[in-house]
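What follows is the residue order along each chain.
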Amino acid sequence: MTPASRAAGILLPIVSLGAGLAVLAIFFAISGYDPAAALGAMVRGAFGSWYAFTSGTLLRAIPLMLIALGFTVGLRAGVLNIGGEGQFYVGAIAATWIGLKLGGWPGMAAIPVMLATAFAAGALWVTVPAWLRLRFGVLEVISTLLLNFVAEVLVSFMVQGPLQESQHIYPQSDQLSETVRLPVFPGTRLHIGIFLALSCCVLAWYVFRRTMIGFELRAVGRGPRAARVTGGLRVQRLGAIALLVSGALAGLAGGVEVGGVSYALYPNLSPGYGFTAIAVALLARQSPLGIVASAILFGALEAGAGAMQRDAGVPPVAVYVAEAITILAVLLADALSLRRRDVVIA
Amino acid sequence: MMFDTALLDGFLSAAVRVATPLLLAALGEMLAERGGVINLGVEGAMLAGALAAALGASAGGAWAGLAASGAAGMLLAAVFALATIGARADQIIAGTATTLLAVGITGAVYQAAFGSAGAGLSLPTLAPMPVPGLSAVPVVGPAFFNQPVTTYIALMAVPLCWWFLFRTRTGLALRAAGESPQHARAAGVPVRRLQFAATITGGVLAGLAGGTLVLAQVGTFAERMTAGRGFIAIAIVVLGRWHPVGVLGAALFFGAATALQFVFQAMGLAVPYQLFLMLPYVLTLLLLAGLVGGVKAPAALGRPAE
Numbered sequence: 001m002t003p004a005s006r007a008a009g010i011l012l013p014i015v016s017l018g019a020g021l022a023v024l025a026i027f028f029a030i031s032g033y034d035p036a037a038a039l040g041a042m043v044r045g046a047f048g049s050w051y052a053f054t055s056g057t058l059l060r061a062i063p064l065m066l067i068a069l070g071f072t073v074g075l076r077a078g079v080l081n082i083g084g085e086g087q088f089y090v091g092a093i094a095a096t097w098i099g100l101k102l103g104g105w106p107g108m109a110a111i112p113v114m115l116a117t118a119f120a121a122g123a124l125w126v127t128v129p130a131w132l133r134l135r136f137g138v139l140e141v142i143s144t145l146l147l148n149f150v151a152e153v154l155v156s157f158m159v160q161g162p163l164q165e166s167q168h169i170y171p172q173s174d175q176l177s178e179t180v181r182l183p184v185f186p187g188t189r190l191h192i193g194i195f196l197a198l199s200c201c202v203l204a205w206y207v208f209r210r211t212m213i214g215f216e217l218r219a220v221g222r223g224p225r226a227a228r229v230t231g232g233l234r235v236q237r238l239g240a241i242a243l244l245v246s247g248a249l250a251g252l253a254g255g256v257e258v259g260g261v262s263y264a265l266y267p268n269l270s271p272g273y274g275f276t277a278i279a280v281a282l283l284a285r286q287s288p289l290g291i292v293a294s295a296i297l298f299g300a301l302e303a304g305a306g307a308m309q310r311d312a313g314v315p316p317v318a319v320y321v322a323e324a325i326t327i328l329a330v331l332l333a334d335a336l337s338l339r340r341r342d343v344v345i346a
Numbered sequence: 001m002m003f004d005t006a007l008l009d010g011f012l013s014a015a016v017r018v019a020t021p022l023l024l025a026a027l028g029e030m031l032a033e034r035g036g037v038i039n040l041g042v043e044g045a046m047l048a049g050a051l052a053a054a055l056g057a058s059a060g061g062a063w064a065g066l067a068a069s070g071a072a073g074m075l076l077a078a079v080f081a082l083a084t085i086g087a088r089a090d091q092i093i094a095g096t097a098t099t100l101l102a103v104g105i106t107g108a109v110y111q112a113a114f115g116s117a118g119a120g121l122s123l124p125t126l127a128p129m130p131v132p133g134l135s136a137v138p139v140v141g142p143a144f145f146n147q148p149v150t151t152y153i154a155l156m157a158v159p160l161c162w163w164f165l166f167r168t169r170t171g172l173a174l175r176a177a178g179e180s181p182q183h184a185r186a187a188g189v190p191v192r193r194l195q196f197a198a199t200i201t202g203g204v205l206a207g208l209a210g211g212t213l214v215l216a217q218v219g220t221f222a223e224r225m226t227a228g229r230g231f232i233a234i235a236i237v238v239l240g241r242w243h244p245v246g247v248l249g250a251a252l253f254f255g256a257a258t259a260l261q262f263v264f265q266a267m268g269l270a271v272p273y274q275l276f277l278m279l280p281y282v283l284t285l286l287l288l289a290g291l292v293g294g295v296k297a298p299a300a301l302g303r304p305a306e
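So the sequences go chain by chain: A and B. Note that the first sequence ends on residue 346 in this note's numbering; no numbers are left out. Note that the second sequence ends on residue 306 in this note's numbering; no numbers are left out.
By construction, these hints were calculated from the structure, which means they are not laboratory data. Just to be clear, a hint being listed does not mean it is correct.
Stretch by stretch, here's where chain A covers chain B in the computed footprint (C-beta under 8 Å, at least three residues) [claimed, not checked]:
(1) 82 to 96
(2) 265 to 277
Pulled from the structure, derived: some chain B residues nowhere near chain A, Cβ distances all over 12 Å [said to hold, decoys possible]:
(3) L7
(4) G61
(5) M129
(6) F166
(7) G188
(8) A197
These numbers come from a predicted model, not from an experiment. Where is the CB? At the ideal position from N, CA and C, for every residue including glycine.
Please construct the entire structure, taking both the sequences and the accompanying hints into account.
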């Protein structure tokens with residue numbers, strides 16, 4: 001990478017985000033909201049105080065980071081896993097189930113077991129699309145998407161069935177006991193899951209950069225046929241493995257959310273993290289370290305969206321306008337500069 | 001007898017009702033995909049169509065709402081087409097972004113137009129219009145021929161799409177563009193212009209699908225009310241093997257799998273209702289596994305034409 005292209009790689013997302021926010025402001029003005037009040041509330045909600053930054057922005061960046069990393073691992077191998085939302089929920093179900101059983105354990109033992117279960121549950125869930133792809137050639141775009149709906153119904157079943165709270169009144173699970181909750185930084189709601197998410201990104205950066213499997217992944221993602229013919233790589237197998245890791249990371253995100261934020265399972269646990277994470281990954285353009293920055297940016301947008309609703313009466317979904325324009329701007333800049341496309345539809 | 005004719009009629013009508021928006025959106029997506037363009041923005045176009053239908057209907061009646069829904073879907077598809085066919089941006093990403101855009105715009109405009117409560121919005125709707133004669137046919141009559149006008153539009157679009165794709169020169173050219181844009185261009189086919197037209201037409205149909213939801217089913221708008229139906233339509237295109245008749249069958253199948261829950265509820269089976277909510281998605285996956293083997297997507301699907 002030349003210094004010039006590296007500078008462009010950092011500048012482009014920032015300029016694109018600026019474009020996204022500008023369009024959002026114009027859109028607010030047209031549809032009758034006060035742009036200054038709305039955007040002001042958004043910035044205050046995301047960066048206005050130490051509490052807002054940690055407990056709003058960074059807290060929301062954690063699941064985004066993990067799911068986006070998973071999406072990127074898949075994309076590197078030419079696999080499009082758009083089922084992050086469903087895998088998140090399956091991880092959340094598994095973590096709640098095991099977490100409620102481990103109440104008597106010391107946290108040092110219980111928390112790792114709970115998170116490992118969520119990780120495994122996410123991987124297990126995507127064995128279905130992986131198998132359908134290997135055995136029947138069903139596109140994983142379709143199968144992971146369909147399984148999102150199944151997972152959401154599964155949550156609804158769990159919180160009204162096997163995992164419903166002991167009073168059997170509300171559609172949610174019992175609260176996890178104190179020992180199974182992830183430790184929180186004093187004075188904030190931010191939990192140590194942030195270190196887990198950051199470590200996963202750094203680890204992925206190392207694996208992509210320095211190891212053989214990282215090289216193979218890249219080769220497969222660039223062109224499956226060429227990789228198979230020239231390198232003798234086991235393309236299908238690598239794609240399936242990437243899909244499993246991808247699902248596992250999204251499952252882990254669900255477990256971390258239950259263990260660190262909600263302490264219980266309920267429907268609508270995710271405000272669409274699985275889909276926003278795709279945008280996070282796209283903005284980071286397949287770089288694990290880029291995902292850290294991009295997830296914090298989108299975490300800020302999500303946290304700001306909540307503040308926008310509270311302080312300026314704007315529906316939080318409006319923030320998607322900024323997200324969409326940001327992605328489109330990056331995409332157009334890439335396409336117009338005729339960069340080599342890394343995304344391959346398998 | 002538990003399984004009486006009223007129950008059967010109810011089941012079939014519900015199946016067709018659920019299938020109608022899916023069929024409209026899937027036929028539109030099929031046209032685009034036959035030309036080599038996969039548009040994940042169909043969910044967004046549907047949502048835009050739904051809001052436009054609500055706005056149009058409250059201003060000028062149900063028919064105005066229907067027209068507005070098609071126009072809104074077209075607009076969303078135009079954004080997608082400009083990015084992907086105009087600037088050759090990646091289709092999957094641009095489609096995702098278009099859907100996000102629609103979720104944001106519709107959510108904010110809806111609240112600005114109807115206030116934050118929103119619920120209880122009562123709109124002029126499209127009542128069922130029985131087709132004289134046909135609606136009296138036993139069993140299929142009430143299900144297919146005593147429905148709102150959008151169902152007839154969807155059903156008539158099936159033979160129209162078939163005729164267009166397989167009996168016209170333009171249809172042949174579009175399919176060629178989807179299989180091998182290079183060869184098509186060498187043969188004088190205006191590849192990108194055709195792709196653009198097919199994507200825009202798909203957007204109109206997706207918009208109408210959203211309009212159907214509002215005007216013929218729910219009678220109001222709600223944030224994110226399409227709830228993934230646009231994505232289901234994409235699965236239905238695959239399930240229907242990119243063929244209009246196959247798409248009709250797949251949409252009816254999904255509608256029937258969804259309507260099954262009403263039957264089982266009426267029969268009072270002691271099974272968690274969530275099982276039936278899952279059924280359409282699980283069955284679709286199973287069918288995809290069973291049917292897709294040996295069926296090829298348009299060869300150049302998802303690749304920008306040079």
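Hints, one by one, checked against the model:
Counting residues of the region 82 to 96 of chain B whose beta carbon lies closer than 8 Å to any beta carbon of chain A gives 10, which reaches the threshold of three, so the coverage claim holds. Proximity of the region 265 to 277 of chain B to chain A, defined as three or more residues with a beta carbon under 8 Å from a beta carbon of that chain, is established by the 4 residues found. At the 12 Å boundary, the C-beta of L7/B stays outside the reach of chain A, the nearest C-beta of that chain being 24 Å off. Its beta-carbon lying about 24 Å from the closest one in chain A, G61/B satisfies the requirement of being farther than 12 Å from that chain.
Non-interface call for M129/B relative to chain A: holds, since the shortest CB-CB distance, roughly 32 Å, exceeds 12 Å. With a least beta-carbon separation of about 24 Å from chain A, F166/B lies farther than 12 Å from that chain, consistent with its non-interface assignment. With 12 Å as the threshold on Cβ separation, the claim that G188/B sits away from chain A holds: the shortest Cβ distance comes to roughly 26 Å. Distance to chain A confirms A197/B as a non-interface residue, since its nearest Cβ pair spans about 21 Å, more than 12 Å.
Hint compliance for this structure: no hint is broken.
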